[in-house]
Structure formats: structure tokens, C-alpha cells
Amino acid sequence: MVMGDFAQGTQVAVIGGGPGGYVAAIRAAQLGLEVTLVEQEELGGLCLNWGCIPSKALIHAAGLKREIERADRMGIIAGELSVNLPKLMEWKQGIVGKLRNGVSSLLSQNKVEVVQGTAHLTGERSFTVESPKGVGRFEFEHAILATGSIAAEIPGMPHDGVLVMDSKDALELQALPKRLVVVGAGAIGLELGTVFAKLGTKVTLLETARTLLPMLDPQIGKVMERALKSLNMELVLGARVKGMEKRNGVAVLQYSALEGDKSVEADKVLVAVGRRPNTTGLGFEKAGVKLNNRGFVLVNDRMMTTTAGIYAVGDVVAGPMLAHKASYQGKVAAEVIAGEPASFEAVEVPGVIFADPEIAWVGLTEEQAKEQGYKVKTGVFPFKALGRTLTLGDEGLGFTKVVSDAEVGTVLGVHIVGPSASDLISEGALAVSSAANIEDLTLTIHPHPTLPESIEEAAEQAEHRAIHIFSPPSKSEKTT
Amino acid sequence: MRHVFRLPDVGEGITEAEVVEYLVQVGDRVKADQPVIRVETDKAVVELPAPVTGTVTETPHSPGDTVKVGDPLLVIETEEKAVKAPPEKKEKPKEAPKAPPPEKEPLKPPKVAAKEEEGPVEPAKKILATPHTRRLARELGVDITAVKGSGPRGRITDEDLRETAKKKEAPPPKGPTAAAVQAPATAGFDFEKYGPTKRVPLKGIRKRTAEVMVRSVSTIPHVTHFDEADVTELQKVRDREKTLADQRGVKLTILAFLTKAVADALKKYPMFNASLDEATGEIVYKQYYNVGFATDTEAGLMVPVVRDVDKKSILQIAAELNELSRKARDRTIELEDMRGGTFTITNVGALGGAWATPIIVHPEVAILCSLRAMEKAVVRNGEVVVRTIMPLTLSFDHRVLDGADAARFMSHVVALLEDPLRMLVDVA
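Which chain is which? The protein sequence lines are A and B, in order. Going by our numbering, the first sequence opens with residue 1, and the numbers climb by one from there. Going by our numbering, the second sequence opens with residue 481, and the numbers climb by one from there.
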């Protein structure tokens, strides 16, 4: 790093080394631009270090434990099972380390200069980087802001990392709590709650909404409620946390529920009530980068902010806070800088929740499509009617639903709750973003026996011609 | 008649948006399709165009306000009288504009709404195109929402876009000139059948222009790049140096400064000073910088050339320009004075017009057109200020140059015009 009075110049400065920032940096370098990336913690950002990757490692391990426990019905009898949490965390950390090294070497192979420290914009074309080594000054032609998000807190329950945890703390626990209360039954709450429930913790989920996952297809929340019950997880809907007391190192949470005020004790509390964009105290205002009233950076389809030459991607801009959205936008920003005709216009962002069963969706729900004025035709296929599901030892809780435009057949949305939904959704994403016709799904061979057959059958069911479910058209439909 | 422009259903499940800013004020005249407001949804910031032409009478929101689909954004008074009065209830006079009556009327997607027709609700139909095709549309500069797909159920193919782009980029040579040169295109026309006419032979400069233009348009794939330069400071410099120029008997024009800026841009981006040798398949980079100036004379269009503009001062260039244009008008100009150009500037500023797409002087590869500099309200540092803005357009030969090249060349010219001191500091 260059210290002192001389500013180091770069063509493209990327601030933040998460899935938005590092992808933008590599793409920009591929396009022949000179790139400097600033990261204040670890390359890979929240996703790789304290989010997607470590949580999926724990989810898999916890799922494996549960599979072994239930394998006796297949004639596989294991001895007594125990969980060595420090060892599990060490294994998870090994994965994170491998991937982080991978990112680091990709950046260096692409000749991206990585600067460790905290960046502050100081003008429309300059920023400083503070690190224990001192303060460096930089000038840029273009900058990509990818500073991510931070966990939101609840008033009266300040985060202490011990009793009141955020997702980052929960992923680094060294001992299993007996009782865990998770505040917020969104993606993070469901995923981590499930992990600890499977590992042996008594988990209570408190959710303010009166229905589970209200933004999704309503049947998905219903399936999920049943699934949580079978994992002995307690779900309290309509629960508003009013306060917390500490008694002998134990948390007592007061909350108002539909049936009156209640309280619950917990050895640990995980607050997972959402995240807010990390856009304050970074000098954005000095560069003229404007935010909306919720603190997100204002951008257009080409990821340009209100200051020419400065772009923003990922969690700092409005839209779902998902790594794959950040990466896509990172590529768009890099390509726009290089003069390519890239845009985020009309890009579909699939959503995934790695609960058990998994949930994944893309495009419009049936309700959203109707609100937009479409005549909607849907097809639903339950996983329990699929051979492959049962051979996997899965009971087949869940379904695949295809939402289409009844007039021309365009696929508008695909919604899945069931085994490997996260893997299945990419076909849906391709169909929706390509504006595929529902016949494109029915006329494509899906190999047997596999889980993707559920998409083919759901598309067929929309026309009442699914083979593996009996669903004749109603009388009114027959006449048409 | 009063037209209430409401937040349209912009699709993607969006139910509300935040007002970022109005692009117009009460009292402004707006044209249909002119962007009037910027709103932010949770997907993006979008500019919404006015659905009708008229005068803005109400801007009920402040930046930061949240508006729901169907809420009024803007009220426009149109000239037309309400022939078929829409079933819009008369709003109570003097009602606080922020609290519109919660009318539930059918909303139309922006495209349909823009047509100002009343009809049944139609959903914003999804455009049938793959991500690849959408990207191609952006690459070709084609508005995919306006393309009619030739595929099944209206699916837009790559070919549809290429066809649209072709029609857009190279309009068929228009008018009698080109047609006359290309011979028998008008052969069967009986012009006299519908009324008396007068026939004048196509000759001289007119004929030469016709030939050159047809050759240019039929060999060079033209693309035109548009930009604007803030010449407020430049005009001050010009006004200040006028005294000196007057003493030397020179009329100092903005065009002379523009020429100097172009000279520097040509040095920086030499491919704009090149020609394509079609016989050998080579690009010829010329190492001399001679700029031609399209000059309107009674006899027609002439293009006198100022040589070695890179080695001359702005005042020298101005002096030569004065002299050459006088000669062109007097018709005392010699043929040699109109040869050897490497780049052309056409200044239609004085004649009016907002924009123009010039045709390249074959075998050059680009032509810059400057238009009338006018005072405009523009935003600087968040404030609306009056600045003098000069529109510039640059047509280039897409065989040799790309859009990105044009953008860079133009940006360089604009930067020099906007900061004239830089010509002193940074121009050799």
C-alpha cells in the first residue's frame, strides 16, 4: 500500500470483497481493466465466511446426523451418536479457508490488487484506506461500492455475541445450547434454527408475521409449518418481542402473542430479523452518492449511482439480499464500465431457503401474477408422487408449482418446497428468464428417476395431463 | 383537458415507489414521452415519460414521498377539449393534492397508458425473449419493448432485432437526389400526371453532393453518437479574447475552439483520423490533421479544409476559417483548398435545429456536427442553474470504429470545451 501524501491511482476501485465485490473485480480484470479491491475483513465477505457457505456446511452435517438417526428403517443401524461441536466447527472452518484461499488466488491470477483496510470515500474520485499500517490515499476512474449489509438489531436486546447472537455468532458456537430462541422466521432463522434442532437443541421460533413466509406461495408456509413440527421446533406466529431479562445467565424473553403476553427462557437467543445496508460512515455522501429513505444506494439498471463513474452492487442496493444477486450485479457493473451493453433490467433473482425441506422460488407467485392482470394457469405436483423422492428416504413433503400465463403459456414463476429445491430451481430460473412456454417444460425429457421430473409433471398438471397424479379437468374446464 | 398521470403498474410485483425527483416544474410544457419524473421502486430507479403533451399544473409530491400504484404523480393540462370525457370524477377543488381520492380505476402498464386510450385492463405482457436476446437488443440499441416478434406467439428472435437495427441505422437514401443519381428508381414515375412541375438539371455542386452522399451512405455503415457540452466557460473565454481577435481583424468563433479540441482528440484517438483502404483491406492512419468545414453557400454545400490544425493556434485557425468561408461564398475558392481533409466538422448551429445526424465525407471515417448552443436549465451540484449547452453529434464508420470509441472521442472533445483552460495546459 502506498502511504503518505501520494495518492495511488487505479482504473477501477472495488470497495468490499464479498460475492458482489470480488466477482466485479475479476470480471473487470478479465475485460482488461486495472483493478484495486479493498476489504476490511476477509475476502469472500459475509457469504463465504459467515453466511451461505459455513451455514450450508452445518446444515449438511446436521442433516446427516438426522439421516443416520432415521436410517434404521432402511436396515442401517448405527451405534450411539454424539456431536462434537468444536470438531464440526473446525471442519466447517476448513471449508471456508479453502474457498477463501481460492478467491484470493483467483484475484491474484487476475492481477487484482487487494488492499486490506477500511475504505472511506473522500470525493467523487478518491478514497482513503485505513489499516493498522496507516492511511493510504487512492484515486479512481470508476468505483464499485459493494459494502454489503449488517444484521439488524431489536431495541432492548443489544447484541452481545454471547447471550444475544447474530447469525455470525451462531455459526461459531463451540457448545450446543440446550434451549435456543430464534427471533425471526425468515431464511436465516429457519436455516439456523433447523441446524440446532437437528443437533439436539430445543428451538423456539418467534415470528411477528401471522403467517410463515408471507411473501411466498401460501402453501409453502403451510408445508414448512408441518416440517418444523416434525423436527419438534416450536413456531410462534404473531409474536412481538417486548423485552428481555437476564436471570443467572439465562435469557427470559417477553413477547406478545395472539393469545396474550407470554415469556420464554433461552440459553441463547439468535436475532435474525433481517439485515440493513452498510451505507453509513463510509463517505458515500462526500462522493455525492445518494441513498433512498431506507438507506439503500440509488442505482439504475446499469448499477450506476447518482455520481457518474460510481456504481453500487449487492446488499447495498435495493432488492433481495442474496449473494447471487450481488455477483450478477457485480458483473453488470464491471461490464458497463468496460463499455459492454450489460444491464440488470428484467433479471430474475431466484430465492432459496435451505430449510428442511428446502424452499426455492423464481418469478411471480400466482397471487402476484393475478394482481398484474394475468389470467393465470398453474400446475402443482407433489413430491410424494415421485419415485425418486421415496428412494432417497424422503417422505415427500412438499410440491413443485408452475405459474403460467393462461393465454399464451409463458412461464411466469416456479415455486418449490421439497427435497433439493435449491438445485431444482435453476431450471425454473432458466424458464422464467427465457420467457419459456410451459410446453417447453412438458416437451423436454426429464430423466427418470430424478427430482426434476417434478417440474415436468407440474407443467403437465397445468393441462391436466400429468401421468403420476390423477387430476381430471373440472366440468367448466372440459367445455373449453 | 386535465390529465392525471398516475403511477403505472410497472410490473415485477411492484406496488409502490418512492419519488426521487420531478424532472419538470409546474408551468413547464411537456411533450408526450418526455421523461417527467424519476421514481425508485425496490428494483431500480426509473424515469417515467409523460403520457400526453401539455402543461404541468400540479406536482403533488416531494422527493422521498412514497406513492402507490394508481396514485397521481403529475397533472397535465392538455390542449384538447374533453371530447370523450373519461369517467374521472371531478376532484373537489382546493383539495390537498397529497390526499387523492382513493379511486380504483383500471390501471394500464406504461406502454398502453401512453396511448391515452380507454379500454379493458391488459397485463404488462412479458416480453418473449431470452436473456441473450435482451442483451443483443441493448448491444444494437434497439428498444425491445417496441419490437414485434416473428417467432411463435410473438417470441422475439435475434433476427427480429437485427432487422430492426438495420432499418434504424441505415435509413434508405431519401429524397429525389439519391434516387436521381441511382438512376432508374424514379423511372416509372409520372410526376406531371398530378399537376404542373418544373424540371431543372441536376448539376454542379448539387450533383457532386448527391454522388458523394450516395457513395458515403452506401459504403459506410453509419452510427451517430450524441452528446452535449457545457460551453458557458468557453463563451466567457471567447468573449474575453474577442478584443485581441478584433485587433487582428479576426472573428473568433466557438468553432475555432472546437477545431482545436478535435485536433487534440484526433491525436489521442488516431483511428478517427484514418481511412479504410477498401482495395487493400488496410486501415490508413494519417499523420497529418486537416479538418474540413461543411459550409453552406448559395451554390450549395462546400467543404474547405484547414490544414495542420494541430500546429496552429486557435486564433490562426479562426483567421483561416474566416478567409476560407469568405472564399467559398465568393466562389473564389480553389479546388485544392477543398482537398486533403482527414476529418470534417459541420456547424449547423446558426441555422437552428436541436439535433442532426451528419453523413461522413467518404473516405473519411467520422464527422462531427455542432448545433446551436442555447441557455438551458441544468442541474449542477444538486441545483438548477442556467448554462449554455451545445449539442454535438458524431457520425462514425462502424467498420473502423465502435460506439465505445465514439464515446471516448466525444468525451474528450466535450471535456476540453467544458474546461477551456485545459486546452492551454494539455493541448500540444
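Hints are computed from structural coordinates only; laboratory data are not their basis. None of the values given here were measured: they were computed from a predicted structure. Don't take each hint at face value.
[To be verified] 27 Å max Cα-Cα, derived DSS-like pairs, lysine-lysine:
id: 1; chain 1: B; residue 1: Lys856; chain 2: A; residue 2: Lys370
id: 2; chain 1: A; residue 1: Lys375; chain 2: B; residue 2: Lys548
id: 3; chain 1: B; residue 1: Lys856; chain 2: B; residue 2: Lys511
Against the structure, the hints come out as follows:
1. B:Lys856 with A:Lys370: violated (45 Å)
2. A:Lys375 with B:Lys548: holds (23 Å)
3. B:Lys856 with B:Lys511: Holds, because 17 Å separates the two Cα atoms, which is no more than 27 Å.
The structure fails hint 1 only (numbered hints given earlier).
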